[in-house]
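Visitor: Sequence:
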Amino acid sequence: MFFFFLRILGRWPNTYAFTKALGEDVVRTAGEGLPVAVIRPSIVIGTAREPIEGWTDNLYGPTGVVAGAGLGILRTFYADKDFVADLVPVDLCVNAIIALPWHRENISRYSDVLLTDMVKGNCTKQESNARHYR
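Mapped onto my numbering, the consecutive letters of the sequence shown carry residue numbers 1 to 134.
Be aware that one or more of the hints could be misleading.
Said to hold, decoys possible - Here are the computed distance ranges between Cβ atoms for each label pair:
no. : residue 1 : residue 2 : range
1   : Ala99     : Pro13     : 28 to 34 Å
2   : Trp12     : Val84     : 39 to 45 Å
3   : Lys81     : Ile52     : 30 to 36 Å
For the record, the hints were derived by calculation from the structure and aren't laboratory data. Built from N, CA and C at the ideal position, the CB exists for glycine as well.
Use the sequences and the hints to build the structure in full.
Guide: In structure tokens form, the structure reads like this:
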């Protein structure tokens, strides 16, 4: 069974990355000839500013870790101290989703760099704003 699992995944490290790539491939092939854009956010967390700072409606992922540590429930956390916490506030992702179609139509449309009709936008932190676990 594991052999089939590895064979299906191919070069992808896990099922999450595989299904993201599969989804992008479907968008690329089904949207051939259409002005298509895909946003690739990293780990999405609560808001930075809009509608209010820190708003979230769940305790999943890093928000749950922070809440657990703040309440004293989670007292230790094993992590590589040099690992970058690539977290992006949801309102910045929404802004990127709003801006990417404009970029696709006005900038990328005239670019010779594009290999396909699909523009991909990575919504992640830049190294200058990196947050480490230290």
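Visitor: Does each hint fit the structure? Answer for all of them.
Guide: Going through the hints against the structure:
Between Ala99 and Pro13 the beta carbon distance is about 29 Å. The supplied range of 28 to 34 Å therefore holds. In this structure the hint that Trp12 and Val84 lie 39 to 45 Å apart at CB is violated, the actual value being about 21 Å. For the hinted restraint 30 to 36 Å between Lys81 and Ile52, the CB-CB distance of approximately 32 Å keeps it satisfied.
Of the numbered hints stated above, the single one contradicted by the structure is hint 2.
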